[in-house]
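Novice: Quick note, the sequences are listed as chains A and B, same order. Read left to right, the first sequence gives residues 1 to 411 (our numbering). Read left to right, the second sequence gives residues 412 to 650 (our numbering).
Hints were generated in silico from the structure; no laboratory data involved. Note that the coordinates shown come from a computational prediction; the quantities given were computed from them, not determined experimentally. Quick reminder that beta carbons are idealized off the backbone N, C-alpha and C, glycines included. Treat the hints with caution; some may be incorrect.
What the hints assert, rightly or not - List time: in silico SDA-like cross-link candidates among lysine to any residue, alpha-carbon distance up to 25 Å:
hint, chain 1, residue 1, chain 2, residue 2
1, B, Lys435, A, Glu67
2, A, Lys411, B, Met608
3, A, Lys267, A, Ala10
4, B, Lys554, A, Ala156
5, A, Lys18, A, Arg410
6, B, Lys435, A, Ala10
7, A, Lys267, A, Ala156
8, B, Lys484, A, Val406
9, A, Lys411, B, Pro512
10, B, Lys499, B, Ser441
11, A, Lys310, A, Asp326
12, B, Lys635, A, Arg410
13, A, Lys210, A, Ile291
14, B, Lys435, A, Arg410
15, B, Lys558, A, Ile291
16, A, Lys310, B, Lys558
17, B, Lys558, A, Asn149
Said to hold, decoys possible - Among chain A residues calculated to face chain B with C-beta under 8 Å, some are:
hint, residue
18, Asn4
19, Pro78
20, Pro87
21, Tyr111
22, Ala271
23, Ala275
24, Gly276
25, Arg280
26, Val406
27, Phe409
Stated by the list, open to error - Simulated restraints, written as ranges between beta carbons of each label pair:
hint, chain 1, residue 1, chain 2, residue 2, range
28, B, His532, A, Tyr361, 43 to 49 Å
29, B, Ala473, A, Ile282, 22 to 28 Å
30, A, Ile340, B, His532, 22 to 28 Å
31, A, Lys411, B, Lys558, 48 to 54 Å
32, B, Lys554, A, Val356, 48 to 54 Å
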Amino acid sequence: MRSNINVEIALTHIFTRKRQTLVAALGVTMGIAMYIFSNSLMKGFGRFSRTEIFKVTPHLRIYKDDEISKPLVQATSPRQVVIIHNPKITTLSRTIINPYALLAEVKKQDYISSAAPQVNVDVFYQNGKSQLKGVANGVNIAEADAMFNIQKTMVAGSLNPLSNSLSSVVVGSRIANKLNLGLNDNLTIVSSAGVVKIMKIVGIFSTKNKTTDESKVYLHIAAAQQLVKEGPTYITDIYANIKNPDEALAYSQQLQPITTYKVEDWKTSYADILAGDLIRQIMSTSVSMAILLVAAFGIYNILNMTITQKLDDIAILKATGFAGRDIIRIFVLEALIMGIIGTTLGLIIGAICIQVLSGVYVGGPADYFPIYFDPSVFITSTVFGLLITIGAGYLPAYRAARVDPVAIFRK
Amino acid sequence: MKNQTVILRTQSIGKYFYEPIRFKVLDDVSFEAYAGEFLTLVGKSGSGKSTLLYCLSTMDTAYEGELFIEGQKVTGKKTDELAAIRGKSIGFVFQFHYLLPEFSCLKNVMIPALKLGKYSHREVEERAYQKLDMLGLKEQALKPASKLSGGQQQRVSIARALINDPKIILCDEPTGNLDSKNAQNVFDIFKQLCAEMGQTIIAVTHDNDFAKNSDRTIELADGKIISQDKEFGSSDISS
Ligand SMILES: Nc1ncnc2c1ncn2[C@@H]1O[C@H](COP(=O)(O)OP(=O)(O)OP(=O)(O)O)[C@@H](O)[C@H]1O
Ligand SMILES: [Mg+2]
Chain A
1 MRSNINVEIA
11 LTHIFTRKRQ
21 TLVAALGVTM
31 GIAMYIFSNS
41 LMKGFGRFSR
51 TEIFKVTPHL
61 RIYKDDEISK
71 PLVQATSPRQ
81 VVIIHNPKIT
91 TLSRTIINPY
101 ALLAEVKKQD
111 YISSAAPQVN
121 VDVFYQNGKS
131 QLKGVANGVN
141 IAEADAMFNI
151 QKTMVAGSLN
161 PLSNSLSSVV
171 VGSRIANKLN
181 LGLNDNLTIV
191 SSAGVVKIMK
201 IVGIFSTKNK
211 TTDESKVYLH
221 IAAAQQLVKE
231 GPTYITDIYA
241 NIKNPDEALA
251 YSQQLQPITT
261 YKVEDWKTSY
271 ADILAGDLIR
281 QIMSTSVSMA
291 ILLVAAFGIY
301 NILNMTITQK
311 LDDIAILKAT
321 GFAGRDIIRI
331 FVLEALIMGI
341 IGTTLGLIIG
351 AICIQVLSGV
361 YVGGPADYFP
371 IYFDPSVFIT
381 STVFGLLITI
391 GAGYLPAYRA
401 ARVDPVAIFR
411 K
Chain B
412 MKNQTVILRT
422 QSIGKYFYEP
432 IRFKVLDDVS
442 FEAYAGEFLT
452 LVGKSGSGKS
462 TLLYCLSTMD
472 TAYEGELFIE
482 GQKVTGKKTD
492 ELAAIRGKSI
502 GFVFQFHYLL
512 PEFSCLKNVM
522 IPALKLGKYS
532 HREVEERAYQ
542 KLDMLGLKEQ
552 ALKPASKLSG
562 GQQQRVSIAR
572 ALINDPKIIL
582 CDEPTGNLDS
592 KNAQNVFDIF
602 KQLCAEMGQT
612 IIAVTHDNDF
622 AKNSDRTIEL
632 ADGKIISQDK
642 EFGSSDISS
């Protein structure tokens, strides 16, 4: 009840200057809409590139890293002379020793949502004279499908035969095209160990990622072990997914002490792509921030004008008992009203932009424009919009609060 | 001697201005104003009347000496406390009306009371109507303040000064912009306020008749009080 008069004065000022209020508010609207649009776009891109990454990459990967030979005598100080030595990669086998014990141990961790063994073999695919290079993925198909959602990318045939047949293979669509092979045709696979296997194509997948589609095939884990002339304990990789992929780095560090093999998180493997995402995000955020700052300046300007025109009013209010903080409240409230109007319009326009663009078909791996409705973007833009307008209102309001009524009345 | 409650008292108020050169505008000004007194401040232009009035108003705090309002020392209080004291105890009437142009006359009168928060909104509105009625402005209450004549606007500003029933009403040339008829009207209102409501009026004026008819006149010259004639309450002695 007591402070209502401040609100009433602020509202009256706003209502008697509808046009200026609207102009100031529209500045905020543009900034907010731009912020929502670009951030939703970035989020959309981010989510899109993640789904692309997670089609082929687990959150965490355990594998045997290359070892480099060390000198027989280690130098203990930089000045010490060392036997001449020529460092070489000394990895003899890619296998993880005792993989199933490690797998069981990994699965025991409560932050791991799923884990699966995999045998990756470098191979050539042949049909007559045509030849392609690639990687054959020996998997337990049910586990691999759970992790990478292969089923969703299938364009022909089925994954099911892979679960028990050692002579079946599911191939990338570009491999099938280039080698001119279809469903139920035979594909010759030659491994780096010199093993040649003729396998029947039971399914074709298309991730719409060129590299994957022209190099990857899935086969039974035992078939892959045959390609390298190894037994059932030969496992090159253990793949694991966690609940929140963003915590991959922390969990890879947590998992590392369990094993002497290398634990790598997906963010480390894709640091280049993620760095690009981050730079784009920073750019678009700074552009929309710049627009918001301009909008804030608009509000600042209009309030400054109002205050300059209303010095007499401020003087008489102060004379009749309004304290400095009442004056501040009146003008900050005016800024806030402009901010609320502008922000609300901005949210609406931003939402419309997203709605329209997300329906635009762009083809390629994305299908539709990768923009989506993320409530967190709307929340942060509202907070930014209001904070910036309050800030823009506070400076002139503070000036108004410090107006010396005596100086005004003397004029 | 009549009942003499001191409502406002100054103790050797002195003030300097430093622009363009340092000089003393007010010099050792000490006086008392009593409840129900109609006091006028006169003096040549530039003698420091307005400056003194602003010191009394608590809006100007850059002075030496002390100021007491209703027995309470106000010198040295914080600006927010002073604002509260003004809201409760002091009404202002200036040469210009300073009405807020976007608001109706009624609202203009109500604003200081809504700020004070002593009465509910409805009571404040009732009281504002009363004050406007007293000043012959009841019909104008809902008009925007900017749509009134100069004399009417000045009367609205008086109604605004009265809304919180302040003990003190400070005026700086309240009739300076008015014709003689309107000036007489305002004078009569002031007279009535002192007599009936016991409010103290301290008015700066250039109007000799206005001063002559007040209870007491303080004359300033070069920032000093040179006469405080017609002691309040002693008019029966001097006659
Ligand atoms: N802000 C200021 N800075 C410097 N000097 C000032 C300031 N305000 C007033 N003065 C000077 O102080 C003196 C007293 O001014 P004041 O306004 O109190 O006079 P006054 O008695 O009210 O005059 P008038 O009758 O013309 O209104 C004048 O000489 C004036 O020039
Ligand atoms: Mg003056």
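Novice: Does each hint hold? Answer for all of them.
Specialist: Quick rundown of the hints versus the structure:
Between the alpha carbons of lysine 435 of chain B and glutamate 67 of chain A the distance comes to roughly 92 Å, so the proposed pair goes past 25 Å and is violated. Distance restraint check for lysine 411 of chain A and methionine 608 of chain B: the Cα-Cα separation of roughly 32 Å exceeds the 25 Å cut-off, and the hinted pair is therefore not satisfied. With a C-alpha separation of about 51 Å, the suggested pairing of lysine 267 of chain A with alanine 10 of chain A is violated against the 25 Å cut-off. A C-alpha spacing of about 82 Å is found between lysine 554 of chain B and alanine 156 of chain A, which places the hinted pair above 25 Å, so the restraint is violated.
A distance of roughly 32 Å separates the Cα atoms of lysine 18 of chain A and arginine 410 of chain A; the hinted pair therefore is violated under the 25 Å criterion. Under the criterion of a C-alpha separation no larger than 25 Å, the hint pairing lysine 435 of chain B with alanine 10 of chain A is inconsistent with the structure, at around 41 Å. Distance restraint check for lysine 267 of chain A and alanine 156 of chain A: the Cα-Cα separation of roughly 32 Å exceeds the 25 Å cut-off, and the hinted pair is therefore not satisfied. With a CA separation close to 21 Å, the supplied pair lysine 484 of chain B and valine 406 of chain A stays within the 25 Å bound.
With a C-alpha separation of about 18 Å, the suggested pair lysine 411 of chain A and proline 512 of chain B falls inside the 25 Å cut-off, and the hint holds. The hinted pair formed by lysine 499 of chain B and serine 441 of chain B meets the criterion: a straight-line CA distance of about 24 Å does not exceed 25 Å. About 15 Å separates the Cα atoms of lysine 310 of chain A and aspartate 326 of chain A, which keeps this hinted pair within 25 Å; it holds. For the hint linking lysine 635 of chain B to arginine 410 of chain A, the alpha-carbon distance of about 20 Å falls within 25 Å, and the restraint holds.
Using a Cα cut-off of 25 Å, the hinted pair lysine 210 of chain A and isoleucine 291 of chain A is violated, with the two alpha carbons roughly 39 Å apart. Restraint check for lysine 435 of chain B and arginine 410 of chain A: the C-alpha separation of about 18 Å stays at or below 25 Å, so the hint holds. Proposed proximity of lysine 558 of chain B and isoleucine 291 of chain A is contradicted: the alpha carbons are some 42 Å apart, above 25 Å. Between the alpha carbons of lysine 310 of chain A and lysine 558 of chain B the distance comes to roughly 18 Å, so the proposed pair stays at or under 25 Å and holds.
A hinted pair counts as satisfied when its Cα atoms are at most 25 Å apart, and lysine 558 of chain B with asparagine 149 of chain A does not qualify at roughly 76 Å. Because the smallest distance between the Cβ of asparagine 4 of chain A and any Cβ of chain B comes to about 7 Å, under 8 Å, the interface hint for this residue holds. A cut of 8 Å between beta carbons decides the hint on proline 78 of chain A: the least distance to chain B is about 69 Å, and the hint is violated. The interface hint given for proline 87 of chain A is violated, since its Cβ lies 76 Å from the closest Cβ of chain B, which is over the 8 Å cut-off.
Taking 8 Å as the C-beta contact cut-off toward chain B, the hint placing tyrosine 111 of chain A at the interface is violated, the least distance being around 56 Å. Here the hint on alanine 271 of chain A is broken, as its CB sits about 57 Å from the closest CB of chain B, past 8 Å. Among the interface hints, the one on alanine 275 of chain A is violated; its C-beta lies about 53 Å from the nearest C-beta in chain B, farther than the 8 Å criterion. With a cut of 8 Å, the hint placing glycine 276 of chain A at the interface with chain B is violated, because the nearest CB-to-CB distance is about 54 Å.
For arginine 280 of chain A, the shortest C-beta to C-beta distance to chain B is roughly 48 Å, which exceeds 8 Å, and the interface hint is violated. At its closest, the beta carbon of valine 406 of chain A sits 5 Å from a beta carbon of chain B; the interface hint therefore holds under the 8 Å criterion. Look at phenylalanine 409 of chain A: its Cβ gets to within about 6 Å of chain B, closer than 8 Å, so that hint holds up. At roughly 59 Å, the beta-carbon separation of histidine 532 of chain B and tyrosine 361 of chain A lies outside the given 43 to 49 Å, and the hint is violated.
At roughly 51 Å, the beta carbons of alanine 473 of chain B and isoleucine 282 of chain A sit outside the given window of 22 to 28 Å. For isoleucine 340 of chain A and histidine 532 of chain B, the Cβ-Cβ distance of about 25 Å falls inside the hinted range of 22 to 28 Å, so the restraint holds. The hinted range of 48 to 54 Å is not satisfied by lysine 411 of chain A and lysine 558 of chain B, whose Cβ atoms lie roughly 24 Å apart. For lysine 554 of chain B and valine 356 of chain A, the hinted distance range of 48 to 54 Å is satisfied, since their beta carbons lie about 50 Å from each other.
Hint check: violations occur at hints 1, 2, 3, 4, 5, 6, 7, 13, 15, 17, 19, 20, 21, 22, 23, 24, 25, 28, 29 and 31; the rest are consistent with the structure.
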